[in-house]
Amino acid sequence: MVDLTLEIRKTAKELLEKGEAKVVLGWEKGNFPYSTTPVFIDKPEDTERLIWDEYCINNLALYMLDYKHLDGKVGIFVKGCDSRGINRLVQDKQLDREKVILIGLSCPGMKDEKKAKELGPNADIPMAQKCQDCRYPDPVVYDVFLGEKQNKKVPEKIDTSDVEEMETKSPDEKYRFFTTNYEKCLRCYACRNVCPACNCKECIFDQTATGWLAKANNVSNNMFFALTRAMHVGGRCIECGECERVCSVNIPIMLLNKKIIKDINFLFGDYDAGLETEERLPLGGYDYTDPEEFM
Amino acid sequence: MCENCSCGNDHNHDHDHDQNVLIPQRGKIINIVEETSDTKTFSISTIDDKKPFDPQPGQLGMLSLGNVGEAIFSVTNKGENHIEMAIKAVGELTNALHEVEVGQEVGIRGAYGNGFPLDFCKGKDLLFIGGGIGLAPVRSLIMHCIRNRDDYGKLTVIYGARSKADLCFKEDLFENWPKVPNMDVFVTIDREEEGWDGHVGFVPSYVEELALKPQVTVVCGPPIMIKFTLPGLQKMGYADTDIITTLEMRMKCGVGKCGRCNIGSKYVCLDGPVFTLAEMKDLPQEY
Amino acid sequence: MLVVLKAKLKDILNTLAEEYKVLVPAKIEDTSKFISYKDNVDIILDENVKLSPKDVFFPQTEKMYKMKTVKTSMELENITDEAGKKLLFGVRSCDMKSLDCFDQVFLTKGYIDEFYKNKRDSVVTIALSCSQPMQTCFCSAMGVDSQKAVGADVQAYDLGDKIGLEAISDEGSKVIELIKGQLTEEGAEVPQPGEFYLKVDADGVSEKLNGMFESPIWDDVSKKCLNCGACTYVCPTCHCFDISQEVRGENVTKYRCWDSCMFGEYTQMAGGHNPRPTKKERVRNRFMHKLNYFPDRYNMLLCTGCGRCINVCPVNLDITSVIKQIKEAE
Amino acid sequence: MKRVGVFICHCGTNIGGVVDCPKVAEIAKDYPGVVYSVDNKYMCSEPGQELIKKAIKEQNLDRVVVASCSPRMHEPTFRRCVENAGMNAYFMEMANIREHCSWVHASEKDKATEKACDLVKMAVAKAIMNKPLQKATIPVTDRALVIGGGIAGIQAALDLANAGHVVDIVEKEPSIGGKMAQIDKTFPTLDCSACILTPKMVDASSHPNINLITYSEVEKVEGFVGNFDVTIRKKARSVDMSVCTGCGVCMSKCPSKVDSEFEMLLSKRKAIYTPFPQAIPNKPVIDRDNCTYFKTGKCGICQKVCTLGAIDYTQEDEFVVTRYGAIVISTGFEQFDHSVYGEYGYGKYPDVITGMHFERLINASGPTMGKIKRPSDGKVPKNVVFIKCVGSRDVAKGKSYCSKTCCMYTAKHATLVTEKIEDSNVYIFYMDVRTGGKGYEEFYNRTREKYDAQYIRGRVSKVFKQGDKLIVRGEDTLLSQAVEIEADMVVLATAMVPQADASKLAQKIGIGYDKDHFFTEAHPKLAPVETHTQGVYLAGACQGPKDIPESVAQASAAAAKACGLLSKSEMLTEPIISVVNESICVGCGLCVPICPYKAIDLKTISERDHGKTIERLVADVNGGLCQGCGACTVACRSGALDLKHFTDQQILAEVNALCL
Amino acid sequence: MSVNEVQQNKEVEQNWEPKILVFACTWCTYAGADLTGLSRLQYPPNIRILKVPCSGRVNPQFVIKAFQKGVDGVLVAGCHPGDCHYTSGNYFTRRRFLLMRRLMEYIGMEPQRFQNRWISAAEAPKFQQVITEMTEEIRTLGPNRKLRDDQW
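Protein chains in written order, with numbering that gives the first Met the number 0: chain C, 0 to 294; chain E, 0 to 286; chain R, 0 to 329; chain Z, 0 to 659; chain B, 0 to 151.
Treat the hints with care, since some could be wrong.
[What the hints assert, rightly or not] In silico lysine-lysine, DSSO-like type, Cα no more than 30 Å apart, as pairs: (1) Z:Lys602 x C:Lys21; (2) R:Lys70 x Z:Lys130; (3) Z:Lys643 x R:Lys70; (4) Z:Lys370 x Z:Lys303; (5) R:Lys279 x Z:Lys611; (6) R:Lys70 x Z:Lys611; (7) R:Lys323 x C:Lys12; (8) C:Lys12 x C:Lys67; (9) Z:Lys611 x R:Lys222; (10) R:Lys70 x Z:Lys56; (11) R:Lys70 x Z:Lys370; (12) C:Lys12 x R:Lys279; (13) C:Lys113 x C:Lys72; (14) R:Lys37 x C:Lys168; (15) C:Lys92 x R:Lys116; (16) C:Lys72 x R:Lys70; (17) R:Lys70 x C:Lys28; (18) C:Lys92 x Z:Lys219; (19) R:Lys222 x E:Lys50; (20) R:Lys222 x C:Lys98; (21) C:Lys200 x Z:Lys602; (22) Z:Lys171 x Z:Lys53; (23) Z:Lys171 x B:Lys18; (24) E:Lys178 x E:Lys121; (25) C:Lys116 x R:Lys147; (26) C:Lys92 x Z:Lys22; (27) Z:Lys419 x Z:Lys370.
Just so you know, the hints here were simulated from the structure itself, not pulled from any lab data.
Bear in mind the structure is a predicted one, so any value in this text is a computation, not a measurement.
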């Protein structure tokens with residue numbers, strides 16, 4: 000990874016020096032050995048701040064929303080999940096593919112920062128949950144590729160064993176599980192704000208006047224938030240797991256997202272969001288032969 | 000320092016510490032005057048026909064409709080047993096307010112904010128400059144000066160609006176105020192209009208045109224008007240401490256707790272809404 | 000010093016629970032916060048809770064009063080808090096300091112916030128010293144003594160397998176009186192605080208910020224911010240709130256709830272104008288408020304160095320780095 | 000606050016006999032916003048309506064709720080009523096307390112009364128949120144477009160033209176006429192197809208109101224009812240139509256010979272050609288794919304022989320945009336690709352042909368001058384086997400539907416074979432014989448009895464060659480025995496399918512099509528010639544298998560509908576349509592594919608954003624196309640799309656009212 | 000005790016009756032309900048019909064909102080596939096609610112409380128039957144507490 004760090008810096012520097020990109024998005028080291036933080040480099044000399052290590056976990060794709068109206072191109076380092084995020088934005092017409100230079104990096108799987116905080120940086124830190132579940136460590140789209148692809152053998156289908164386990168429980172057990180979790184929800188909206196699929200100009204949860212969701216924090220409103228968001232990203236979630244990673248009260252948010260992914264696969268055929276940008280979204284179309292359960 | 004209690008505030012106020020400041024009194028609307036197509040003046044008294052509170056000119060009041068919400072407005076005048084607020088329909092609450100009829104019960108709490116520096120103004124010639132609904136806060140001071148006519152020097156009002164139909168407080172402008180001794184009223188509208196034989200032009204240029212030089216000026220109106228009026232006033236030789244205006248921010252509590260109306264370390268609800276230009280220059284440009 | 004074995008802590012709490020509604024720091028559903036003490040709660044003493052105790056005094060959603068609106072009439076009805084004294088056990092110095100900040104906001108400057116005051120007056124606090132700071136802690140840099148909390152009724156010390164207790168206020172003496180029989184007197188010393196991982200030098204940062212409103216660092220600092228409210232909601236000193244209502248036909252409940260200066264809608268005015276339209280202004284306001292505006296107004300920092308915001312920030316926007324950047328700025 | 004008036008109708012005893020109407024009226028007085036509430040025997044009666052009008056004026060009402068029968072019954076009545084009192088029609092809401100209450104809860108009077116109260120409460124809550132809506136007037140362009148110049152298209156065009164409207168016919172082939180021009184005789188009268196079609200073709204070409212745009216295709220359709228902007232691609236003909244007289248010298252001199260599509264590849268045509276002698280317009284086109292000049296750059300004979308200089312090799316496709324008020328689609332059908340039935344030997348054995356081949360074989364102007372000869376060796380076949388339902392009624396390999404015409408044309412073919420070939424034998428394999436239609440059953444009976452055609456019920460399992468015979472092996476399911484017939488020729492009755500590009504055309508116009516790509520009518524019973532897109536009508540086999548009289552009848556029906564639209568210079572549009580809140584819309588475009596009417600597009604707007612002018616995409620609803628279904632609103636995550644009169648807030652207000 | 004039982008006793012005493020919200024499309028189900036009336040087919044008086052132009056207009060959020068506000072059951076009903084007045088609205092409804100129904104069940108909502116049916120303008124007996132069955136199913140389950148926002 001050290002070598003790649005040097006290559007990353009070199010690539011970024013070249014893009015900036017040649018004027019091909021006005022700004023380059025990557026990661027820099029945070030205050031702790033186990034932390035990194037997104038960095039926005041616009042001067043060639045600052046490229047030394049860029050690093051590539053086992054904690055570059057942030058999905059940078061959503062930052063492209065901030066550069067929608069920039070005159071000039073943005074360079075951005077993409078892992079598998081970041082690249083799917085980029086596709087998400089392109090498909091949602093929030094990003095002009097021509098305006099970004101994607102520098103692909105193969106992701107070995109990032110380590111769990113939260114665990115590192117608990118165990119200390121010197122302990123054996125497990126891989127982050129989102130990376131354990133990842134099926135596309137290599138970027139699915141890029142302009143330049145640094146390092147070597149892993150072409151890692153990954154499961155063909157998303158692992159939904161946790162969803163299946165939940166499904167076997169009784170209605171009351173399930174309800175208790177989700178409500179005790181969402182009772183904690185602070186509605187800080189970190190999950191939404193970090194999500195590349197949540198790219199609305201004005202989220203309905205922020206439109207207090209419409210009456211969809213009151214600001215009052217209680218389990219009913221929080222569940223409305225959770226279910227609605229799950230539906231809104233339904234068929235669009237790129238499984239980057241950022242929502243769950245950033246939750247300040249550790250709600251297993253992906254349990255909802257994965258449930259919908261699982262159902263879409265089962266009902267409408269296998270679909271992995273963010274692999275390409277032209278296909279119709281599962282909820283943007285229909286099929287005459289969709290399962291008939293309405294009777 | 001506040002003389003009423005040991006609260007440490009730098010001005011007096013008349014609230015009762017036993018009463019929860021965030022809970023309104025039960026009030027009712029006793030009169031509604033349609034100023035323009037989108038602005039109405041509401042007279043509000045308590046349910047038992049008392050004045051809800053005794054506001055100083057320039058102070059604010061928090062008005063609520065039970066099932067819609069609460070918002071802060073400047074008090075434009077007060078009477079024996081009521082206060083008045085001029086409200087433009089711009090949002091959910093104000094639109095709802097525009098639909099109510101006399102007799103509607105409302106929540107009312109206040110008075111909040113510093114108000115105009117009456118002592119400072121006392122004995123001086125005053126120039127009031129207002130644009131559109133911006134005359135609302137100034138009107139409270141004008142009415143105060145008229146009520147205490149002997150305490151103040153010459154009063155001059157320069158007021159403008161987009162069109163004749165957008166002029167607020169027409170009765171004051173054309174009937175009442177011109178009759179007040181030693182008081183001049185100048186009214187302008189932005190564009191020529193049939194049936195208007197008064198001045199036409201924007202407020203800032205009218206101010207320069209008139210070139211009046213009372214001692215203190217109070218300017219309230221849309222930010223764009225203030226922005227273009229100030230250089231003229233400074234050219235005319237006003238000191239920053241003699242130019243007084245009011246600021247607006249979103250507010251929820253009105254008592255400096257909820258946080259959102261700060262400009263730098265000042266809370267508009269508490270330390271404002273009245274600021275002199277000199278004070279404003281010390282604030283970050285974030286309003 | 001009066002001490003008790005940590006293993007016997009529950010006995011003491013049981014005694015106290017007869018007199019007070021006792022709240023303790025505990026693990027709950029993958030996070031930790033102050034919850035009502037019951038025999039089976041999972042009390043944590045080795046680190047601070049993830050969610051600050053501010054909601055005890057300033058609940059995330061707090062009903063204020065009710066209204067009944069029939070046609071044009073509107074009747075008001077007050078809501079009374081549940082009666083009885085609460086006892087908050089195990090509050091760390093940083094969080095005690097945050098109560099000091101809250102007191103300034105809610106109880107001074109001309110207006111007293113009765114909702115806060117009622118809750119504040121009904122709580123007795125037992126502060127607990129920290130033996131080992133967490134990685135994200137930097138309270139000492141914010142002028143907080145991790146071994147001696149401000150405003151506590153009782154100060155407790157972490158003495159390894161024991162806890163030492165010291166009454167500070169009269170209310171605290173009453174608490175000690177209740178449990179005296181379960182405590183033993185030992186010649187224990189006030190322990191020394193452990194080493195902080197984060198080295199922060201905040202000296203002069205407030206003054207430095209006076210001229211930095213237009214500084215380019217805010218562009219830089221804010222770029223990575225997602226404008227979520229995580230930092231503000233876990234912050235023990237953030238106290239902004241919104242007032243809203245739940246309408247159920249004729250019955251209206253007015254409530255207040257936490258708000259965050261990170262949200263765009265926070266300063267959005269009805270006419271459409273927003274004085275803080277982008278994340279740059281919002282991030283600047285947050286840090287200026289903590290490190291400059293609040294000290295200017297109340298003569299104390301609005302940060303107690305608890306490190307929670309560092310812990311939860313999705314993008315590791317670290318206040319200690321910001322402080323460093325401010326100090327290094329030209 | 001709004002001033003709502005509530006009017007509870009007894010409907011005689013229909014409602015009043017179950018629901019305690021006075022009580023409902025009394026309770027409704029306490030609902031938020033209600034200032035007046037009253038019950039009446041018959042709200043829809045003249046006195047009832049007067050009561051409403053009077054109350055609106057006297058009580059200064061700005062909303063009205065009528066609780067009575069179904070809005071499907073009297074919504075127009077009460078809308079008119081409040082409108083007459085000066086109120087916007089959409090300020091009136093109805094609560095259905097008859098069909099949905101008194102009639103279905105006859106024995107539970109208290110609960111029915113309670114339910115009526117709830118329904119009124121919901122209607123009041125919605126009415127308060129209602130916004131005034133206005134029907135818009137849109138201009139109607141008095142010009143119609145007919146797509147497809149077969150018999151249906153020609154008929155529709157003639158009817159429209161005769162009613163005084165200008166009509167353009169777009170035909171993709173060089174000549175109008177369509178499939179009917181290829182057919183020899185028509186059942187059941189056996190009159191000559193060309194003899195009855197060509198006069199119509201001539202009428203169409205000479206009609207002052209009709210313009211023929213042949214060798215052309217519809218490229219793009221924009222706009223909405225009354226105002227369709229249609230882009231037509233006029234394919235390069237390489238012949239200047241304004242100069243050519245159709246003398247035919249070029250065709251006779253052209254050295255390139257090509258299989259004639261019109262003759263089902265049974266004979267040749269030239270590279271410069273008209274499809275058939277009676278073509279209209281009778282002016283040739285150059286088939287560039289097969290023209291020596293276009294292939295090699297050499298030749299140019301046609302240009303040399305044309306004394307008028309009509310040959311123009313430089314012509315390019317031309318695009319014309321014209322505005323039409325109405326569109327009639329009559330694109331007809333194609334033959335099912337029966338190569339999936341390998342067992343029938345089509346393609347392998349030249350003497351296995353389709354019904355359309357057969358039409359050409361027996362046509363006097365066809366490749367054999369009307370003599371039935373086998374394609375392989377020109378012998379006159381003695382034993383002819385017909386196989387029906389090739390592609391039709393076969394879910395596994397073909398189409399699930401019945402092609403409707405095959406039974407009759409096969410009977411016709413059988414008759415013709417027997418008439419034309421002495422001692423011939425006709426065998427017909429069939430599944431069922433369906434002869435619905437005037438004179439059809441009689442014709443079929445004649446075929447069997449007088450012409451001695453042998454009908455064998457059963458499917459053919461295999462056709463194979465033995466010597467110069469084709470052995471047809473099948474089963475007679477009535478006798479339950481295997482059959483083998485030595486045939487000289489086999490004729491397949493292939494299914495009718497829509498044009499291969501039908502679905503593309505449907506997408507261009509924004510109409511629906513079914514699983515088989517037949518265009519979908521607006522309602523199978525009550526609107527069989529309309530489509531879901533207002534102003535677009537269907538005629539002929541493009542909507543489903545049809546024979547000639549049915550196609551003609553539907554064409555006239557479509558023309559009548561179009562006439563109705565074009566006879567007015569403007570029309571009113573329903574105001575219940577979707578609207579976009581541009582300040583919230585993020586322009587993701589997810590709503591675009593969801594709209595069945597293609598009413599949503601993305602457009603670029605520019606706006607000021609933090610001191611900078613930026614451009615961004617937002618959704619844009621075409622009010623003329625939108626039919627107000629609201630499917631798009633659900634797809635919009637941020638709620639930027641909303642449906643007027645059924646807004647999120649209105650529906651939520653109803654939900655809230657119910658739950659109080 | 001189940002989540003629902005916790006606060007049930009009180010309501011049962013007060014003669015609780017199921018409250019069911021029916022979203023019905025104008026063209027099929029609403030008309031079907033009209034026909035049910037015309038045919039005088041009786042069913043329990045526990046439903047309240049909310050008319051929408053097309054079942055495609057029914058936002059899944061309305062369903063959650065209704066449960067929040069206190070209904071005991073929600074039925075979304077529209078035209079049979081292929082019969083949609085607007086060609087395709089109900090195909091979208093089907094997709095959306097196939098997911099939504101599974102999601103609701105997944106978080107512990109009893110499937111009986113949230114149902115979807117195709118009911119044509121001609122299917123009065125079906126309308127009667129569906130309403131009758133659903134009412135009974137929900138009566139058996141008791142008042143709904145799940146997702147309900149009843150803290151005010």
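We went through each hint and held it up to the structure:
no.	hint	result
1	Z:Lys602 x C:Lys21	holds, 28 Å
2	R:Lys70 x Z:Lys130	holds, 21 Å
3	Z:Lys643 x R:Lys70	holds, 27 Å
4	Z:Lys370 x Z:Lys303	violated, 37 Å
5	R:Lys279 x Z:Lys611	holds, 16 Å
6	R:Lys70 x Z:Lys611	violated, 47 Å
7	R:Lys323 x C:Lys12	holds, 26 Å
8	C:Lys12 x C:Lys67	holds, 22 Å
9	Z:Lys611 x R:Lys222	holds, 19 Å
10	R:Lys70 x Z:Lys56	holds, 21 Å
11	R:Lys70 x Z:Lys370	violated, 92 Å
12	C:Lys12 x R:Lys279	holds, 26 Å
13	C:Lys113 x C:Lys72	violated, 34 Å
14	R:Lys37 x C:Lys168	holds, 28 Å
15	C:Lys92 x R:Lys116	violated, 51 Å
16	C:Lys72 x R:Lys70	violated, 59 Å
17	R:Lys70 x C:Lys28	violated, 62 Å
18	C:Lys92 x Z:Lys219	holds, 24 Å
19	R:Lys222 x E:Lys50	violated, 50 Å
20	R:Lys222 x C:Lys98	holds, 19 Å
21	C:Lys200 x Z:Lys602	holds, 16 Å
22	Z:Lys171 x Z:Lys53	violated, 62 Å
23	Z:Lys171 x B:Lys18	violated, 60 Å
24	E:Lys178 x E:Lys121	holds, 21 Å
25	C:Lys116 x R:Lys147	holds, 26 Å
26	C:Lys92 x Z:Lys22	violated, 56 Å
27	Z:Lys419 x Z:Lys370	holds, 8 Å
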